[in-house]
Structures are given as structure tokens and as C-alpha cells.
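Protein chains in written order, with the numbering used here: chain A, 1088 to 1405; chain B, 95 to 598; chain C, 199 to 361.
No wet-lab data here; the hints were simulated from the structure.
Predicted model only: the values in this text are computed from it and were never measured.
Backbone N, C-alpha and C fix where the C-beta goes; we use that ideal spot for every residue, glycine too.
Don't take each hint at face value.
Claimed, not checked - Some residues of chain A that are not near chain C, with every Cβ distance over 12 Å (derived):
1. GLU1122
2. TYR1223
3. ARG1234
4. ASP1330
Stated by the list, open to error - Simulated restraints on C-beta separations:
5. B:LEU99 / A:GLY1344: 33 to 39 Å
6. C:ALA222 / B:LEU465: 55 to 61 Å
7. A:TYR1379 / C:TRP302: 51 to 57 Å
8. C:PRO282 / B:ARG557: 54 to 60 Å
9. A:THR1387 / B:PHE286: 50 to 56 Å
10. C:TRP325 / B:PRO108: 52 to 58 Å
11. C:TRP302 / A:GLY1221: 58 to 64 Å
12. B:PRO108 / A:ASP1368: 21 to 27 Å
13. B:ARG469 / A:GLU1359: 37 to 43 Å
14. B:SER551 / A:GLU1364: 54 to 60 Å
15. A:GLY1397 / B:PHE286: 49 to 55 Å
16. B:TRP98 / A:GLU1264: 46 to 52 Å
17. C:TRP302 / B:LEU552: 54 to 60 Å
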Amino acid sequence: MHVRGPALAASFVLLAAACGPAADGGGTGPGGPIEIIVPYAAGGGTDQTARQLAAAAEDTCGVSTVVSNQEGAGGAIGFRTAADAPPDGSTVGVVSVELAMLAHQGVTDVTPDDVSGLLQYNFDPSALTVSSDGPYSSVDEVIGAARDGDGVIVGTSGAGSVWEFAAEGMAAEEGVEMTYAPFEGAAPAITAVLGGQVDAVTVSGAEVLPQVESGELTSLAVMGEERLDILPEAPTLREEGIDWVLGTWRGLALPEGTPQETVDELESCFSEAARSEQFTDFMDTGGFGVEYRGAQEFDTFMAEEFAAFGGDGGGDDG
Amino acid sequence: MSGWLVGLDAVLSPDAILMIVLGVGTGIVVGALPGLTATMAVALLLPVTFTLDPLPGMMLLVGVYGGTLYAGSIPAILLRAPGTPSAAATVIDGYPMTRQGKAGQALSISLVASVVGGLTGTVLLALFAPQLAGVALTFGPPEYFMVSVLALAVIASISAGKLSKGLVSGFLGVAIGLVGMDPIEGFPRFTFGTTELSAGIPFIAVLIGLFGVSEALTQIAGNRRRRGAERPPVGSFSLGRGWLRRLGPATGGSSLMGFLIGLLPGTGGDVASYFAYNETRRWSRKGSFGKGEPAGVASAESANSASTSGSMAPTLVLGIPGDSVTAILIGAITVHGLQPGPQLFEGAPDLVYGTMIGLVLMNLAMLPIGLLGIRLWPRLTAAPTTVLWPTVVLLSLVGAFALRLNLVDVAIALAAGALGFVLTRGGYPLAPMVIGLILGPMAESNLRLSLIISGGSLDWLARPIPIAVMAVIVAAIVLTKLSTRRAMATPAGTAAEETPKDRD
Amino acid sequence: MTAERRSDLGIAGATLALAAAIAATALTFPAGQQDGDPGAALLPLLLAAVLAVLGATRVLAPLVVRSAPPPPEADGGPEEEPGPVLPVLGMLAVGAVSVWAMSWVGFVLGAALLLVGGALLSGERRWSRIALLAVLVPPVVYALFMWAFELRLPTGPLEAVLL
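Could you build the full structure based on these sequences and the hints that come with them?
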């Protein structure tokens, strides 16, 4: 009998067959599959890095991994799901700098205290970037113009985003005022600085790399502890005499209360995955900065970041 | 030129080609089912693309889009039930042809006209999109604000005949878009203190509800009254003697008109096909339009196909949705961390040029795939609906859930379904709501950005592009209003004449 | 009064109420903090005003304008007189209940419930067809999303056995 429901289903089955090679996972390994919760949409930077790490961990941990995207509320939904999961090592959450920011913004009550850090695998500092044809050729000139009341306009990737915080913190450190224009994501902000709509942007160095390489944009400084390999010309803000370090970071965390031996076990196999050639190659080609911290260290770092975003001068602990 | 080579290289991968074929095939099946719109098919398949690379994912959605738009004409011709909104104008001459025993010919004309319209539109897109991209870099918040206002103003013209209802629908869409943190300061608005709503109501869940669920509800409500129509013979599938001379001018002219109307954000295949149908009818001065004139079918179908390419231009170049389908395509691009707009031409030339080449391949693929199915449709469209619509509800809800694996989204889809049902029943068009939902936030954030950047002055309104856009807004309102009034008035008359006979 | 007009009035009333609610809430929003920013309340307040005018227009429409002949269905909506509302409410209820049930009986059973309910509400009375639908479609959709699309649907006891 050819009814239309099955006809539609049949075409989906055809699609399924086509996607066949991509269909793996789901099999049960020795310890059962590990679910990795990504708090952002599939395909974004956090998702891409997490999926690569998950794939590498299948070899090193000897279990299958399933990535599920639970986006929403700037990451709060996914952070909450990971924090509330059973603390038995079957669920690993991907955490990012937003975990240290969202509670201060009143979006959610989930904080780094609700999770137990597993490892950090990424850090991307903000880069103060201007148009190459524009009036500014150094950090001093930008700060000076702001001090003279010339109304320096800085494009950011959104209201309450880490890049807006980066710009505000830099200005506060120097005691100057700037105007912040929050665009919907990094790309429109970059378009705006290309088109001369804004004077500067503070998105990550990797995000402006194509335009910097083509000569249209110039990165005046990066807000990291050290210069970036991909932008060797740009000094750090500290070299320029401004004590301000800020960037985005990504890592893995377990629900608070996970037994120590489980944490140790997962830390050892996930850190092996994070240091595998497969994963570091991916991070390099994708322009993601590699910065590694172990479970203990990451936990402390998250607590510091959380405190820093809550205070006025915070965030300068990189 | 190198962009084209990169694009060609990308699109000639087995993955991309396979996705084009699968997309067109799926689209034809989905579009042939009355009520399953292109918007819904693309929204339902969107989660599938999350696991694919950007270009194959785009090819799948574009294939579905094209296939659905073509196939919408199949039930329009056979059952007088347009499979998609764009096929509404096809009904006018297509259904009388079926009653005259010329269903086969009408189906063939609709297929060929769709392919020709799609190819013409794609060539125009390829010629003009890069130029538009160069201009787009000069677009700042003031320009985007004016363009989003232009697109919102178009709600008025797509609501021809029911202006206030279209506006209510559009502004309700803006209201839905208000929920969540405000775009400039991150202040939570209308979130009722919940975390789930702080990033806003996910618009794809709303789309799935508005189109998929609400149409299923409407069909389930009306199901018991529907009677099986008696069937005249299907007739020959040839295009008829002297087809090139008879149909060529109508198809060519309608393709051009369809593309130009598709270019305007907010106007898609439905307006394009009415517009082109009406112009063709005016130029031809034949009395047979509305009574089974093959050129009428050719005109409507070529125009809605060409408008697909037209609406891709603002999508690819400005990141502004040309219609509700391209709005979802934008979602499919951004989910891969890519932002549509001028950046995309530099950042992902394989995707931009690949998509344009893919549109050509998609139209070429449509011909053989369409021919494979053409004899099957008259039999297939007679199947039971009691099984179909519950399945549609299920797939819609699964689609909404799969978006973020969140039950809140399923509830939103169900609520949007109920809202869509009530609005449809009250005679309110749904397309303006989608436009309002997307463009409301865009208008707000760009207005406020303009004011912040200018320190509160309104000088930015005097920049050349905002002035030009304002002129376009006025022209667009006047022109589309005049043309849709003409286009709506005449078919309405003919449809009314046909109705008593058809009901027997 | 036709079904369309009744729905129209209902929508118009809801629009007016929504306008009032939006305005009342928006008045409590903070002013913009940066120079020139009109603040978070600007759009809601404008929108409330527009919705109020439009809602009033829809309430008064038939009294002011002589009703024009209805345009052809440009939205591809149903052409016949709309059916009863009861099956629609039933379908919404079945949808909500079966989705809610999915979180503990699993996707396959929940989906089967939805399909059976939907088919019955559509007027299907041939049990062989309903059974076929309920048995075939849910596992296919489940398998498709789990393996082809790698998206996890709710898993219950039945899925555990199937896996």
C-alpha cells in the first residue's frame, strides 16, 4: 500500500542512507557511552572544538561519546544541564568563559561552583583591531583620542558578550570613556570596522585574521599574556603599558560531587585526547589558541574568573 | 573569477551533488503534498544540515526549496489545492486544464517553466550578486535599519486585499521577537523570569508550528468534510504543438519579473507569480486566461522559480532574508559559525559561489527527476489524509525538539501551531508574521546602533543610501500595491466565476 | 457571524490586550545608558501603540468599510468552510500529552500514541491502517534521528530493548 506518510518517510530513509557514513556512535563501550553537552548550537566554534575532542577521546578513553547540543540563554541551558547531570562520569559538560559571566548578568544562577573542572583546552585573547586606512596606528592613539573626548566607537559581538567586557575593561583600566556598539556576532562587527562605521573592534585575533592578512585591518594589540603566533606583529596590552588581560576560554567540566577517582580517570584520558596530534592539528587549522590546564588548576582558574567578572576591575588574571 | 573556480570545485564534490539530488527529490515529494510548504520542508530538514558541511547542507536545503516550489504546482493543477503558497496563481489556469482532460500537459508545462525560470534567475543572480556585495560593505547600521524598514513595509503589499490583517500578523511577529534580552543592553524583556526565554523565542520552532503544525490542524479539522473528487482523464504529457512560440515569451518575461520581485526582501514566489501572471495576461490580450490557458501556467511557474534566485541575492549579499525560506537558509549558514553578508564572499567563497553554481545544477537536476515522477502524481495525490496529517504533526514536533533537544521548544511549536490555526481561520496571512519576527529585532538593534554611533543625532538619515532606500520604500509600496491590486483583482474575478462549476 | 469573523474578533481582542500588557510592562524598563540610545522600552512602546490601532481597526472594520469580496486564498489555506474546532483542540491535547509522556515511556510509544490519536481525530476508522501507521512510523523516525542525524530523542524502556 502506497500511502503518502510512508512516501515521505521513504525519502527520509533515503537521506539516512546517504548520511550513512557519518552515522557512528551509539554503540556501547566498556564503560558505557559518555554524553558531552555542548551549550551552543551545532557548527559554532565551541561545538566544533568539542566534537573534535570527543572524537579523539573515543580512542584514549576507550568509550563511545555522544555530543548533544543544548543551546539557549547564552549557554546557561547547557551549563545547567551539565551541572544537574548524575555525578558518575557519564555526562561531561563543555564550559566556556560565559559560565563565569552569566550569573553576574542575572541570566541564570549556575556558576563555576556547580561544576568540577576537568580540563581547559583553549584560550583566545581579544585583539584591538582597527581599519588600516583609519586614523589610529597604535593603542596610545586610540586611548589618547578617547581621552580627548573624540568619541572612539568600539564594535563588539553583542550586549554582555566577552568582547564587550574586553573593551570596557581596557577603557576602565585607562580611565577613559568609549562608545560601545554591540552587533549581532563578530562578523557584523568586523564588517562595520571594514566599512568605517566603527573605529575599532575587540573580537578575537583568529576572527580578524583573514582581514589582517589581506591588509585591510590592523591589530594594534592582543589582550593575552603573550603575543599570538598568528598575529606576531601585535604587541600585548601589557607591552603597551595597560595591565589588562581578557579572552575567551573553553574546557570540560563534570557535575559537582563526582567521585575523585572518576575525575582522575577522565582527566587522564581526556587530557591525552586534548594533546593528541589529531586534536592539536585541528585547533591550529581552525585558528583556536591552545592553552591547557588540568582539573585542579582549571577549577581554581574558573573560580578566579568568576570573581573577576563580578568585581569592577576583574578579568586580568588571563 | 577565482571565486567561481573555488565554488565549482566545492560543488562538484560527490557530497554536494548527492545532496542536490536528494534535496530536489525530497522537495518534490514534500511540495506535492498539499499544505507541506517549502518553508516547512526546509525548517524540518534544517537540523539534518547541522551534521553536514556547510555547502552540502546548503545544497540539500536549496534543492528542497527548488523542488518544493516546483512541486507545489502538482496538487494545484490536479486538486485545486496549491501545495505551496507560490503555486496559488498556478491554480487559475492549471486546474481548468485538468478538468478539460489536459492535466498531463499542464504538469509538463509547469515542470519546464519552473526549470527555465530557475535557470534564468540563477544567471541573473550570478551576474549581479557580486556587484551587490561590493555595495554592501558601505552598509552600516543606518542602511540596514532602512532596509529592514523597507522589508517590513513590504508586508503591506504581500497582504493585498487584507491590509490590516497582514499588518496585525506582521506586528504580532515583531511582538514575538521582543521576547528575550534586548540587543543593545542585554536587559531581559518579557522573559517572565525564566532562563529558557532569555535568549528569545527560537524562531525556527515558531516557524515549524506556524506552518507545519497549524496546516495539519486545519486539515484535521476540515478532513471529515472533504469528498473525493471525480477524475477526468489525465491526457497527453506533451507540451503541445508550437509550444516554444506559444509559451516562450510568457516564460521569459515572467522569469525576469519573478527575479526582480524576489530581489525585494519580503516578497517571494507568491507575489511574484501573481504579478507575472497578471502582466502576462495583460500583454497577451487573449481571452482564454483563467479558462485553461497553458501560458498562464507557464507564467506563474517560471516567475515563482525565478524568484527563488532573486531572494537568494539579499540573503547571500546582505544577510537579509528575501523570504521565510531564505530566512531559514541564513540559520543554516550561521549555525556553522558563518555570518551571511559581505564577509561571506571573502570568508567562504566556496559556499557563496558554490551555492550559485549549485542553483544551476539544482534546476538541471529538476528536469529528469521531475519527469520520473510526473506520471505518478495523478495516482499519488489520491491517497488518504488521515494517516498523513498526524505524521506531519509528529515530524513537526520532532523537528522542533531536535533543534535544541529542549521540550520548551516543542511547547512553543504547539503553541505557534494553535496560533497559526486561529490566524488562518480568521483570514490572517501567516507570512507577514514571519517577516515581522525576523526583521523587528533587526530594525530595533540597527536603529539603536545608529543613534549610539551618532551620539543621538539623526544626521545618519541624510546619508545617500538611507535616502535612496527611503525612495525605494516609497516606490515599492506604490508599485507593489498597484500591481498586486491589479493581480489580485483579476484572478479573484475569474476564480469566482469558476467556483460554481467546480463545486459540482 | 461566520467562523472567520468570530476568529477575527477574537484575534483583534487578543491584540488589544497584548498591546496593553506590552505597554504596561515596557514602562518599567530602564532608560538607555549610552548617549543617544533610546533604551529598551522604545520598540515595545511603539509596538504597543501600533497594535492598539490595528486591533481597534479589526474590531471596527466591518462597521466602517463595506466588506469587499474575499480575495482568493493566497496562502494556500483551505478553500472549503472550515471544519469543527473540537478535533483541533483534541489534536493539541494529544500532541502535548504524548510529548510529555515521551520523557518516561520513550519516543516510540509516545509517537505511536500521537499517531493513533491523530488518525482517530482525522476520522480514520480502519484499525488495520491505524495499527500499521503506529507500528511503522515511530521506529523509522527514531532510527533516523538517532543514527542518521545523530540527535538524541527521548529514550524509554522500549528503545533500550531495540538498541
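Please write out, lowest number first, the hints stated earlier that are contradicted by the structure. 1, 5, 7, 9, 10, 13, 15
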